[in-house]
Structure formats: C-alpha cells, structure tokens
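*Asks:* One-letter residues, chain by chain:
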Amino acid sequence: MRSRRWLDLAPLALVVSASALGAAVSREPPGRLHPAQAWCGPSFERPLGCGEAGVDLLSLVSSAELRAVALASIVSVVGLAIGTPLGAAAALARGRFERVVERSCDLVQALPSFILALAVLSALRTPSRAALAAVFALTAWAPFARLALAQTRVLRDAAFVEAAVALGRGRPGVVVRHILPNLLGVVAVQLGSTGAAIVVSEAALAFVGFAPPGGVSLGGVLDQGVAAMLLAPHVLLIGGAAVFATSASMLVAGRAARSLPVGRRS
Amino acid sequence: VLEALFVALLLASLVFFALRLLPGDPAQLILGDEASPAELARVRATLHLDQPLFVQYLGFLRGLATLDLGDSLRQPGTHAMARVAAAVVPTGALAAIAVGLGTVAGLAAAVLASGPWLGGLTRWVERGLVAAAAAPLVAFAPVLTWALAVRARVVPLPGDPDTPAAGLLFASALLAIPLAAHLGRIARASLADVARAQFLVTAQAKGVAPARVWVVHALAAVAGPITTVVATQLGALLGGAVVLERMFERRGLGTLILEAYATRDLPVLEGAVVATGVLFIVAQAAGVAVHTAIDPRARSNA
Chain A
1 MRSRRWLDLA PLALVVSASA LGAAVSREPP GRLHPAQAWC GPSFERPLGC GEAGVDLLSL
61 VSSAELRAVA LASIVSVVGL AIGTPLGAAA ALARGRFERV VERSCDLVQA LPSFILALAV
121 LSALRTPSRA ALAAVFALTA WAPFARLALA QTRVLRDAAF VEAAVALGRG RPGVVVRHIL
181 PNLLGVVAVQ LGSTGAAIVV SEAALAFVGF APPGGVSLGG VLDQGVAAML LAPHVLLIGG
241 AAVFATSASM LVAGRAARSL PVGRRS
Chain B
1001 VLEALFVALL LASLVFFALR LLPGDPAQLI LGDEASPAEL ARVRATLHLD QPLFVQYLGF
1061 LRGLATLDLG DSLRQPGTHA MARVAAAVVP TGALAAIAVG LGTVAGLAAA VLASGPWLGG
1121 LTRWVERGLV AAAAAPLVAF APVLTWALAV RARVVPLPGD PDTPAAGLLF ASALLAIPLA
1181 AHLGRIARAS LADVARAQFL VTAQAKGVAP ARVWVVHALA AVAGPITTVV ATQLGALLGG
1241 AVVLERMFER RGLGTLILEA YATRDLPVLE GAVVATGVLF IVAQAAGVAV HTAIDPRARS
1301 NA
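Protein sequences appear in the order of chains A and B. Under the working numbering, residues 1 to 266 are what the first sequence spells out, in order. Under the working numbering, residues 1001 to 1302 are what the second sequence spells out, in order.
Just so you know, the hints here were simulated from the structure itself, not pulled from any lab data. Where is the CB? At the ideal position from N, CA and C, for every residue including glycine. Possibly wrong hints are sitting among the right ones.
Unchecked claim - Calculated from the model, a selection of chain B residues having no Cβ within reach of chain A, i.e. all distances over 10 Å: (1) Glu1039; (2) His1079; (3) Ala1105; (4) Ala1135; (5) Met1247.
Claimed, not checked - Computed, partial: chain A to chain B, Cβ under 7 Å: (6) Leu118; (7) Ser122; (8) Val175; (9) Val176; (10) Phe207; (11) Leu222; (12) Met229; (13) Leu231; (14) Pro233; (15) Leu236; (16) Gly240; (17) Phe244; (18) Ala245; (19) Ser247.
Claimed, not checked - One-sided and incomplete, this derived list gives chain B residues near chain A with beta-carbon spacing under 10 Å: (20) Leu1011; (21) Val1104; (22) Ala1108; (23) Ala1141.
Construct the entire structure; sequences and hints are all you get.
*Replies:* The following block contains the structure:
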C-alpha cells in the first residue's frame, strides 16, 4: 500500500523534473525571439522546435509547465487550508452556521467558474499570476469545505469521539487529536482534481487571450499552435501533450492522499 | 428560481464592481495613456463614472432590468444589448447542440455498457469514458481538429466561412465529448444501481426485450442523476464554448466578451457576461423541467 502511494506521485515528479531539466538544458530565457527560425521543426539544437517568431519551445514549454504546477499547487493548498477548517467548524457548530456554509458551497460550486474568471480578469489590463491565483481561490475552497463538512458530520457522532468526550478530553483536544487526522485523508484527495482543474483553466484563459505577463503559459503555446496549424503542427501537438500530461499527473498525484493513514498510528 | 436569480445578480455585480474597484481608471483604460482631460471627463460622463458608486450600481441594476445598458462604446449608435442579443443565438445553438449530442452519446455508451450486448468489450467502453472524462478540452480540441481537418480533411478548417453548418456541428461535437464522458460514467453507475430494482425485475419477468427494459424503463428511472450531471457540467460547457468560439473564430458570447475586453467596451462587456450567466440559468431550469417530465417520481413529490 505504501509503495503504491509513492507510485501515484511518480508522474507529477516526472513532469516537474523533465520541465526543470528542459529549462536548464535550453540555456535561454523563455520567449526570446529568433525571427529567422520561426516555426522551424524539432532539430538537435532545438529539441522541440520553434514557435511564433522563433521562440524556443523547449524553454517556453518547460517554464510554462513549472509555473502552472506551482500555481495549481499553491491555489489548491490554499483552498484546502481555507475549506477544511470552515467545513469542520460548520459541522461541529451545527444549526444555522452549518446550513449557511452548506448553501454557500452549493452556490459557489454551481457558478460557471470559467465565466467568473473571465468576468473578474476583464477588469485588468494584463492579469498577473497573483490575480489568476486570487480568481481561482475564489471558488477553489468550496469542494474542500463540502468534503470536510460531510466527513466531520460522520465523525462527530462516531463512537471514538463520544468516548474521548466522555473520558474528559476538551473540545480543542478532540478536534486536533481525533477529528483532524481522520479528516485530512479524505479531504486531501480533492487536492489532485482541484490542481488539475486549475492547470486546465490557466491554459484555457491564456488560450483565449488572458495570458500572464510575458505570455509564458501552456495556453499561449496552444494558441500559437492553432494559428500555425497548417504550417507547423508540432507546436499544437506539443502544447496539447503538455497540458494533458500536466493535468493528468496532478490528477493521479491526488490519489496518493487516498488512504492516508494519519489517524491510525496506534 | 430565487437561487438562479441570485447567481445572475452575483455574476453581474462581480463584473460591475471588478471593473470599477480594481486599480486602474476605466476611462483611462478605454482612451489609452495619451487622452486629454476633456476626453476623459466626457467618457466618465457617458459611463456615469463621475457619480457615486452606489448611484452607479442602482443605475446598472435598472439598466439590467430594462435591458438597456446604454450604447456600445466602440460602435456608437448601437445598443450594447443589441450586440449581446445577436451573440446569444450562435452560442445558444452551439451549447444546445452540444448538450443534445453529449446526452445521446453518453446515454448510448452507458446503456451499451449495462446491457448484455457487448460482452468483453464492456470494460473498454468504461475505460474510454474514464479517459475522455480526464482529457481537458483545451488540449484535445486543437489536436483533434488538426487530425480531422488538416490530416484527414473530413471536417472544415477553423474559420472556414463556406461550410457554417459542418463547422457548427464539429464544434458542438468537440464540446459534447467531456459532457458525454461524465454523463456516461454517472449513468452507468446509476443504471447498475437501478438494475436490481423491482420494477425492472418485473419488466424482465414479463418478457420485455432487453433493449426496451434498459432504454424505456431503466433510463427513465435514472433521469434524476442524468439531469444533475448535465446541470453541473453546464458551467464547464459554457467555458468550453468560449474556448471553441475563439479557436474556430465563430461569432458568439465568448468572442464578444473577448472583443469587448480587448477594446474596453464596458457596456457590452457587462451585458455579455450577464447574458452568459442568464443562458446558464435558463439551461439549468430547462434541465429541472425535463427531469420532472421524464421521471414520474419527481412529479408526485413536487
């Protein structure tokens, strides 16, 4: 079971190390132009070929991948950090607070998140990465809160929690020692699907023209690829493969949290 | 219905306040850095930016209620709402065809995987659904388009004006793939639950043909989960529509939002975002209506 869990992290580790290697090997900052080599195919000097105006695709794709993984990881961890305590607190408080949190989760999860991101970002001239992260965080907390709420509802009536209370442990003690460890394993599984969704949304936003400054984004690569579909199909194939590999590896990595035995140390 | 109105209002307010409260003067953004103070003042007056925020907000809400957000800034003399209305039709058609195709394909896959017809192939149908559900539209749509339009030449190239119907159908089919995959997985699981229900056993015992058992009796019983999946996928579907409109250079709400963003056409931008939200809500309401029409249990409870 333990080795299987590390296996789930392997694709993400592979994507990250391949991108780091690519960024190191390409020896030039992403986005430098070499107009003479525009749309050139893969060669020994440029292993992934060139895109619009001769940007080196290896350098562009690797740094875009690293940034996408970083953005997705940060936002999903922030979502977990906001959503889990909120959901747990709501379930423990019961009553009106519980209902309000539950309804807000429903509402936020029903919002068309891509349109929401478009609406907010359209107020900015070029969206910074911080703005992108903030927009994604607006909705990222909801699934975590929902899961924490459901799981805490089960736990709050569990026999071992009642026993702990009967034995005289105070409320904070019960939460830290008994509820949180049993909660995190369930909630952390969501990290993967939230992360994958953010990688895809970031690429889609950049594809339609909301690229972060410098245009270093997988969506930007896809946009170039679509524009040069007839001339240089390798750009589009590389961009599509990169988005797919990054999001799928995040999805698989989320499964590593499954059966996380934090609470079963005894 | 109240919640639906609330979602629309929330989206509208969000775009309104984001445009006004985030750093950067809208008038300056519209006119650029070399605008004279007189021009800036004129634009602020036409957009009511010189009034207190609260008054602006009331005016904006009144404009929404009366469907009049003022003139488009970039095409003076055209109502912003007229441009929005012209864009609703293509996006609505794209989304509606995609929902139709996706529902039929997803249900067909689920029924095929549930019934006795495929034998060993069943597992491959299920694996295909899982793989398709995990594939992001923004990644596979360009690749599939390249493969089918450039290599195989069976569909028109993006932006080809000569074959609008084929282009619309192909874009809808792409948009339908994620929906079909999600719907197929949920419908497959729900059908497996329903398979043990008494009314199905009764139908089978009466000698009803397997196709009729699955399509007429079982599918009607899982209409609830199915409409829920369609409803939860609608937001992603509209997002995908924006991506595909941009990719295929189709006119629609998505391209209108992007164009209004690029040209800082505030009234059009606000109208287009709100219209997208309304489209989303209307589609959700339609889903609920379909559910009550199909599943007799949903009617008796209402």
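*Asks:* Any Cβ of chain A at or closer than 10 Å to Ala1135/B, or is the non-interface label fine?
*Replies:* Label violated. Min Cβ-Cβ 7 Å, cutoff 10 Å.
*Asks:* Would Ala1105/B pass as off the interface with chain A, using Cβ distances and a cut of 10 Å?
*Replies:* The assertion about Ala1105/B holds, with a minimum of 21 Å to chain A.
*Asks:* Taking the least C-beta to C-beta distance, is Phe244/A closer than 7 Å to chain B?
*Replies:* 5 Å, holds
*Asks:* Less than 7 Å between beta-carbons is the criterion; does Leu231/A satisfy it with respect to chain B?
*Replies:* 10 Å, violated
*Asks:* Answer holds if the nearest beta-carbon of chain B is closer than 7 Å to that of Phe207/A; otherwise answer violated.
*Replies:* It holds, given that the least Cβ distance between Phe207/A and chain B is near 6 Å, below 7 Å.
*Asks:* Classify the hint on Pro233/A as holds or violated, based on whether any CB of chain B lies nearer than 7 Å to its CB.
*Replies:* Cβ of Pro233/A sits 6 Å from chain B, so the hint holds.
*Asks:* Once the shortest beta carbon distance from Ala1108/B to chain A is found, is it less than 10 Å?
*Replies:* 25 Å, violated
*Asks:* Tell me if the interface restraint on Met229/A is satisfied: Cβ within less than 7 Å of some Cβ in chain B.
*Replies:* 5 Å, holds
*Asks:* Go through the hint on Leu222/A and say holds or violated, using the shortest Cβ distance to chain B against 7 Å.
*Replies:* 6 Å, holds
*Asks:* Quick one, is the Val176/A hint okay against chain B at 7 Å, beta carbons?
*Replies:* 34 Å, violated
*Asks:* Quick one, is the Ala1141/B hint okay against chain A at 10 Å, beta carbons?
*Replies:* Hint on Ala1141/B: holds, closest Cβ of chain A at ~9 Å, below 10 Å.
*Asks:* Given a cut of 7 Å on the nearest C-beta pair, is the interface hint for Leu118/A held or broken against chain B?
*Replies:* Since chain B brings a Cβ to about 6 Å from Leu118/A, closer than 7 Å, the hint holds.
Going down the numbered hints, you'll see the structure goes against 4, 5, 8, 9, 13, 18, 21 and 22, while the others check out.
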